[in-house]
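Residues per chain are reported as follows:
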Amino acid sequence: MLSKKNKEILLGPLSKNNPVIVQILGICSALAVTAKLEPALVMAVSVTAVVAFANVIISLLRNTIPNSIRIIVQLVVVAALVIIVDQILKAYMYQVSKQLSVFVGLIITNCILMGRLEAFALSHKPWESFLDGIGNGVGYGIILVIVAFFRELLGSGTLFGYQVIPQQMYDWGYQNNGLMILPPMALITVACIIWVHRSRNKDLQQ
Amino acid sequence: MKALKNYIDKIKPHFEPGGKLSMFQSVFEGFESFLFVPNTTSHSGVHIHDSIDSKRTMTVVIVALLPALLFGMYNVGYQHYLSIGQLAQTSFWSIFLFGFLAVLPKIVVSYVVGLGIEFTAAQIRHHEIQEGFLVSGLLIPMIVPVDTPLWMIAVATAFAVIFAKEVFGGTGMNIFNVALVTRAFLFFAYPSKMSGDEVFIRTSDTFSLGAGNVVEGFSGATPLGQAATHSGGLLQLTDTLGSPLSLSDMFFGLIPGSIGETSTLAILIGAAILLFTGIASWRVMLSVFAGGIVMSLICNWFANPAIYPAAQLSPLTHICLGGFAFAAVFMATDPVTGARTNTGKYIFGFLVGVLAILIRVFNSGYPEGAMLAVLLMNAFAPLIDYFVVEANIRRRLKRAKNLTK
Numbered sequence: 532m533l534s535k536k537n538k539e540i541l542l543g544p545l546s547k548n549n550p551v552i553v554q555i556l557g558i559c560s561a562l563a564v565t566a567k568l569e570p571a572l573v574m575a576v577s578v579t580a581v582v583a584f585a586n587v588i589i590s591l592l593r594n595t596i597p598n599s600i601r602i603i604v605q606l607v608v609v610a611a612l613v614i615i616v617d618q619i620l621k622a623y624m625y626q627v628s629k630q631l632s633v634f635v636g637l638i639i640t641n642c643i644l645m646g647r648l649e650a651f652a653l654s655h656k657p658w659e660s661f662l663d664g665i666g667n668g669v670g671y672g673i674i675l676v677i678v679a680f681f682r683e684l685l686g687s688g689t690l691f692g693y694q695v696i697p698q699q700m701y702d703w704g705y706q707n708n709g710l711m712i713l714p715p716m717a718l719i720t721v722a723c724i725i726w727v728h729r730s731r732n733k734d735l736q737q
Numbered sequence: 406m407k408a409l410k411n412y413i414d415k416i417k418p419h420f421e422p423g424g425k426l427s428m429f430q431s432v433f434e435g436f437e438s439f440l441f442v443p444n445t446t447s448h449s450g451v452h453i454h455d456s457i458d459s460k461r462t463m464t465v466v467i468v469a470l471l472p473a474l475l476f477g478m479y480n481v482g483y484q485h486y487l488s489i490g491q492l493a494q495t496s497f498w499s500i501f502l503f504g505f506l507a508v509l510p511k512i513v514v515s516y517v518v519g520l521g522i523e524f525t526a527a528q529i530r531h532h533e534i535q536e537g538f539l540v541s542g543l544l545i546p547m548i549v550p551v552d553t554p555l556w557m558i559a560v561a562t563a564f565a566v567i568f569a570k571e572v573f574g575g576t577g578m579n580i581f582n583v584a585l586v587t588r589a590f591l592f593f594a595y596p597s598k599m600s601g602d603e604v605f606i607r608t609s610d611t612f613s614l615g616a617g618n619v620v621e622g623f624s625g626a627t628p629l630g631q632a633a634t635h636s637g638g639l640l641q642l643t644d645t646l647g648s649p650l651s652l653s654d655m656f657f658g659l660i661p662g663s664i665g666e667t668s669t670l671a672i673l674i675g676a677a678i679l680l681f682t683g684i685a686s687w688r689v690m691l692s693v694f695a696g697g698i699v700m701s702l703i704c705n706w707f708a709n710p711a712i713y714p715a716a717q718l719s720p721l722t723h724i725c726l727g728g729f730a731f732a733a734v735f736m737a738t739d740p741v742t743g744a745r746t747n748t749g750k751y752i753f754g755f756l757v758g759v760l761a762i763l764i765r766v767f768n769s770g771y772p773e774g775a776m777l778a779v780l781l782m783n784a785f786a787p788l789i790d791y792f793v794v795e796a797n798i799r800r801r802l803k804r805a806k807n808l809t810k
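Going down the list, the protein sequences come from chains P and W. Residue 532 is where the first sequence starts when you use our numbering, and the numbers rise one by one after that. Residue 406 is where the second sequence starts when you use our numbering, and the numbers rise one by one after that.
Derived from the structure by calculation, the hints contain no laboratory data.
Keeping only pairs whose Cα atoms sit at most 20 Å apart, straight-line, the calculated SDA-like set for lysine to any residue is: (1) W:LYS598 with P:TYR705; (2) W:LYS511 with P:GLN706; (3) P:LYS733 with W:ILE529; (4) W:LYS425 with W:TYR412; (5) W:LYS511 with P:TYR705; (6) W:LYS598 with P:MET700; (7) W:LYS598 with P:GLY686; (8) P:LYS547 with P:ARG731; (9) W:LYS598 with P:TRP703; (10) P:LYS567 with W:PHE593; (11) P:LYS567 with P:ILE724; (12) W:LYS410 with W:GLU437; (13) W:LYS598 with P:LEU685; (14) W:LYS598 with P:ILE712.
My request is simple: use the sequences and hints to build the entire structure.
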């Protein structure tokens with residue numbers, strides 16, 4: 532089940548082959564949903580579920596899909612999964628789904644999805660594709676959560692909506708950094724993560 | 406001087422590669438070349454050494470900034486004593502001392518944080534220490550309101566030096582003006598401490614100097630703040646106690662505003678120094694003012710003053726108010742972030758002036774547009790240069806073709 536090769540498929544996207552900070556994919560949603568931790572976490576789980584199951588389905592169908600229409604088939608599969616995720620969110624986590632608004636629907640256009648389907652699922656068996664989907668989803672999710680952690684902590688002084696910076700600090704004159712809530716700081720935070728990551732992995736430097 | 410030189414020559418070997426303090430080589434070199442002209446000479450070929458290197462350039466800019474800085478210190482004290490109703494019985498020197506003590510901590514914080522990061526970055530990369538921050542470090546305290554907390558200035562300076570300068574490769578490589586990035590960071594991160602009518606006049610005491618309560622009818626709004634929040638009828642700008650401001654008040658600068666920007670006169674003295682020594686480009690300065698005047702005339706004629714109250718201000722008022730003159734003289738003329746071609750300088754400056762007034766008049770959320778105008782045009786400066794150079798190449802190719810015909 533988890534041979535050495537499969538482990539590599541599962542764990543590679545977490546660091547050395549991370550979709551966000553190495554391949555620079557899915558940046559758009561990383562900017563849009565990371566102002567708070569909760570929506571970022573929900574987004575991470577949603578994308579992981581969609582990538583994993585889309586990978587499995589496409590991998591099962593890979594020998595029957597005619598090559599000329601494979602993009603359309605992939606889109607249909609992804610769209611169906613996204614609608615299921617969207618409906619589940621609306622049913623069980625209405626507040627969060629309102630915060631995420633169109634960005635759940637926009638998972639369809641997330642480059643990570645099409646990238647994995649094209650590059651991996653079309654040429655690998657279902658179990659490996661499933662692991663690859665989980666790995667890439669989690670790799671994407673880790674970055675989202677790290678970015679959201681710093682943005683919510685410095686921008687709102689809270690984590691998951693609970694105040695973590697003590698009131699004493701505000702009485703001494705501390706203020707939340709309003710720029711962290713704005714999109715530019717998401718880019719700069721991602722850039723900082725890339726900076727730290729590259730300086731720890733010399734082989735990724737160009 | 407001789408003794409100092411001997412001492413420096415004595416400790417020099419410690420800092421050279423292999424010496425026990427070699428890790429501090431760039432710090433040593435920075436101080437050595439600050440004190441003495443380097444004694445290295447060229448070994449071969451013909452070289453012309455220009456006496457104006459970047460260290461002397463920076464020194465001249467600092468000298469040019471001094472009139473505005475000293476006046477800004479006096480104005481801080483003046484506005485304070487005016488607001489607590491003790492102006493008449495306070496001497497000139499107490500007023501200046503109050504302002505000096507209010508401004509000095511900001512200068513210290515800005516230099517300590519900025520130079521600390523510069524020195525560290527130079528050590529890590531084994532570069533020489535560059536002088537660029539000498540000017541930025543003085544500009545930063547001059548473009549913030551007097552009541553901006555010191556820790557905010559420290560955070561913003563650190564952010565600007567790292568992300569606007571060091572990641573691009575240090576002095577001379579930055580795309581955006583470092584001092585303005587600091588201000589933009591403060592402006593968007595802590596808007597309540599950078600705008601509004603609470604921060605531009607210090608109403609509390611400074612080091613227990615000048616205690617007192619504000620007088621009846623006090624309002625700390627800057628003239629541009631008043632213009633942005635004005636509604637209906639004729640716009641009359643007033644000082645903090647409600648008496649009307651004349652154009653000469655605005656020109657001499659005894660009005661509320663960021664520390665160094667209020668006095669157009671002091672800034673023009675600085676401009677004269679910069680132009681006389683040839684440090685700054687007159688093309689940029691002239692075209693910024695031209696752009697501002699053209700745009701404010703257009704606003705006078707065409708904008709509806711009921712919706713955009715700042716459109717009522719005359720071109721001269723626009724130039725004397727807020728940071729417009731300061732941006733034109735000290736920010737837009739930054740040789741690193743501005744356009745480099747001569748034609749490009751005209752276009753760059755003109756658009757800075759136009760955008761500054763455009764933002765002032767049509768966006769009441771941002772009473773002052775000079776900062777955003779310069780930052781935006783910094784981003785476009787390379788593009789302007791590219792098209793100027795391309796146009797020149799095309800013109801000359803055409804001429805060559807005509808000659809060979």
